[in-house]
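Protein chains in written order, with my numbering: chain A, 1 to 383; chain B, 384 to 613.
Honestly, the hints are just simulated from the structure, not real lab data. A hint or two may mislead.
As the list claims (entries may be wrong) - Quick list of the computed label-pair ranges, beta carbon to beta carbon:
hint	chain 1	residue 1	chain 2	residue 2	range
1	A	TYR330	B	GLU501	54 to 64 Å
2	A	VAL267	B	GLU515	47 to 57 Å
3	A	ALA325	B	GLU501	40 to 50 Å
4	B	LEU573	A	PHE364	50 to 60 Å
5	A	ALA277	B	HIS582	34 to 44 Å
6	A	ALA353	B	SER453	49 to 59 Å
7	B	GLU420	A	PHE280	56 to 66 Å
8	B	HIS588	A	LYS375	21 to 31 Å
9	A	LEU19	B	GLU420	49 to 59 Å
We treat Cβ as the ideally placed atom computed from N, Cα and C, and that holds for glycine.
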Amino acid sequence: MLSLLAKQRFKQYRVFFLLLLISFSLCIAIMHSFGLFYINMKEGFIQHSKLTDVLVGPSQSQNALFKEGLLLQSSPKAKIPEAVLNKSPYIDSLSPIIFSDSHRNKTVIATTDSFFHNLEKKLKATAFDKGRAFRNKEDIVIGATIAKRFNYKLGKRVELSHGHGHHHDEVMIVSGILNSTSTVLDNCLFIATEAYESIHHLKKENKAQFYWISAKKPIFSASIANTFHQIKGLSALAPASYIKQYLRSFTAVKSSITLCLLALIIVFAMQLISMLASLFHSYMKEARVLFTQGSSLLFITFSFFLDQCLIIGSSAIIGISSSIALCSVYSRAIQKITLFPLTHLAFHIGLYASIIIPLLLLSFLGTAISLLLWKKHSRSLKI
Amino acid sequence: MSKSLSYYHNSMEKWLHLKELQYQWPNSSKQLSINLESAANSLLISGKSGVGKSSLLNLLLGFLRPKSGSIHCLGFDKPLHKQKNVSSISQELLLLDELSAKDNIRMAASLKKVVCDELLYSYIVKVLSIDEFEHKAIKHLSIGQKQKVAIARALITKPKLLIADEASSALDKHSEDNMLKLFKHVSKRLGTKIILVSHHEHIKHHFDEHLRLKQEGRYDHVKLISETTI
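Turn these sequences into a full structure, and let the hints steer you where they fit.
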């Protein structure tokens, strides 16, 4: 019977429903996309800040250092000798980051074993899903996304590209696959610094674009960063404190987003009320039919609620799905804006709750208004 | 007010009691006063426009409140419009326009939580010739066809009491006869009591009793069929 009622209502108000559906879906898609961007940025920043205690690179702005040295977005020409960094007594270990060649448009990083040890320490999880770090020059370690996307297994032979040419002589063999870290590392490949020198016929120079430093204790991070930041030609930052500052400056953006969402919810409520006002007569006639046919007030209330849920629910499904679809299609463009790959497209309880709870409240509001109108209307009922 | 002409036999069970019922129209000095008891299976209420036929039905159903007096019908405590086994047909018909005739009829059974009797459904649909437009949406039907659907919808729930306001106003002679035939059938087979408001007094011979409302609150109450026929 409820399906019959839904059929009647859909046919009766189809144009109105359709318009409302489009505008609601659009509102929800915007709300969802905003939420997705914000969560992605916040979680991306937090996850990346865990990777290292201190980041050192050639002299540049903090922002550029963060983007290039931690998010591995591009490689500066300047290199820094490891010897300069051995001054601080608080350093536990150093991991060089050398932008090497590429493989199928994915970044290849040359580093040392210590990189993986530090990774385990920072993320408090096993670094390797399968295999191990490098033991010889032919070994290559790949990120979780690379393994999944290209279906690479241990022992797979991998060729590296450099500029226009290919290092056909230097075929690498996958020795390890990293666990997923939800960071840029998932999309990278790693070779030993010795392999990098051998491929490029370089002498052992110990020069890297960046260094990821693990402090003896996290409390020393700021001090180490400060020490190196003073040295000419170097810039350094402690990602954890940098993120705190960054997110603090991001509070203004968050407040704007919250205000936007609130405005959208108000628009939503106004649309709902205007719908009920426009459809008052036919809506009340329908309630009257139900009432004269013996429906209880509870059933009529439920049918009103169902109506609201039908519009709002289908809008939520369409809005969220289109938001996810659009974010997937334009993930590269979004990555340029938010700096991070969209890794949180999947179900995120906080985001969904922040959308669904206001929607549910709106459904109750719509039901309450309909019920009030009905109560007033039913006082003058006659056959 | 003329005296009611009552011919009841004492052994007949009276199901309708309107005791000193008075109704005052709002913002008007016009008043309806009725004192009536009935044991008939079918009651026709007629009268000119504005004498209070529909108001009397609304009083019976509980949509209007009397100024004084009381209404007792079939021993129900609640207002009749809240009773599951009372059906009513409004002048406005109150059908769901986008649904088919069939869906409207079946929905009534479902709303009143009555299992739709397929035999009864087929019979009603056949007698009222609804089968010709059973699957058409109400919005595409004529007023007469809509009236037939409203009648079918009221009867499908096998009510104890059917209250109909101008149920045959848009029906042709043949369809009106069929409707009355159907009313008689359900009254006999299901024991449904029928109260019909109509302008057409020529149909009074189909009813057990006739209540003719007149101007200024007067009325004639006539028993038309002998007790043995009832």
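Given a hint of 34 to 44 Å, does the C-beta separation of ALA277 of chain A and HIS582 of chain B actually sit inside it?
For HIS582 of chain B against ALA277 of chain A, whose Cβ atoms are near 38 Å apart, the range 34 to 44 Å holds.
Whether the CB-CB distance between ALA325 of chain A and GLU501 of chain B falls inside 40 to 50 Å
Between ALA325 of chain A and GLU501 of chain B, where Cβ atoms are some 48 Å apart, the hint holds.
Do the Cβ positions of TYR330 of chain A and GLU501 of chain B conform to the proposed distance bound of 54 to 64 Å?
holds (57 Å)
With respect to the beta-carbon atoms only, verify the hint that LEU573 of chain B and PHE364 of chain A lie 50 to 60 Å apart.
violated (43 Å)
Range first: 21 to 31 Å. Now tell me if the beta carbons of HIS588 of chain B and LYS375 of chain A are that far apart.
About 44 Å separates the Cβ atoms of HIS588 of chain B and LYS375 of chain A, which means 21 to 31 Å is violated.
If you check the beta carbons of VAL267 of chain A and GLU515 of chain B, does the distance land in 47 to 57 Å?
At roughly 49 Å between Cβ atoms, GLU515 of chain B and VAL267 of chain A fall inside 47 to 57 Å, so the hint holds.
Mind checking the hinted window 49 to 59 Å against the Cβ distance between LEU19 of chain A and GLU420 of chain B?
holds (57 Å)
Would you say the C-beta atoms of GLU420 of chain B and PHE280 of chain A sit inside 56 to 66 Å of each other?
violated (43 Å)
A range of 49 to 59 Å was offered for this pair. Does it hold for the Cβ distance of ALA353 of chain A and SER453 of chain B?
Roughly 56 Å apart at Cβ, these two residues keep to the hinted range, so it holds.
Of the hints listed earlier, those the structure fails to meet are numbers 4, 7, 8, in rising order.
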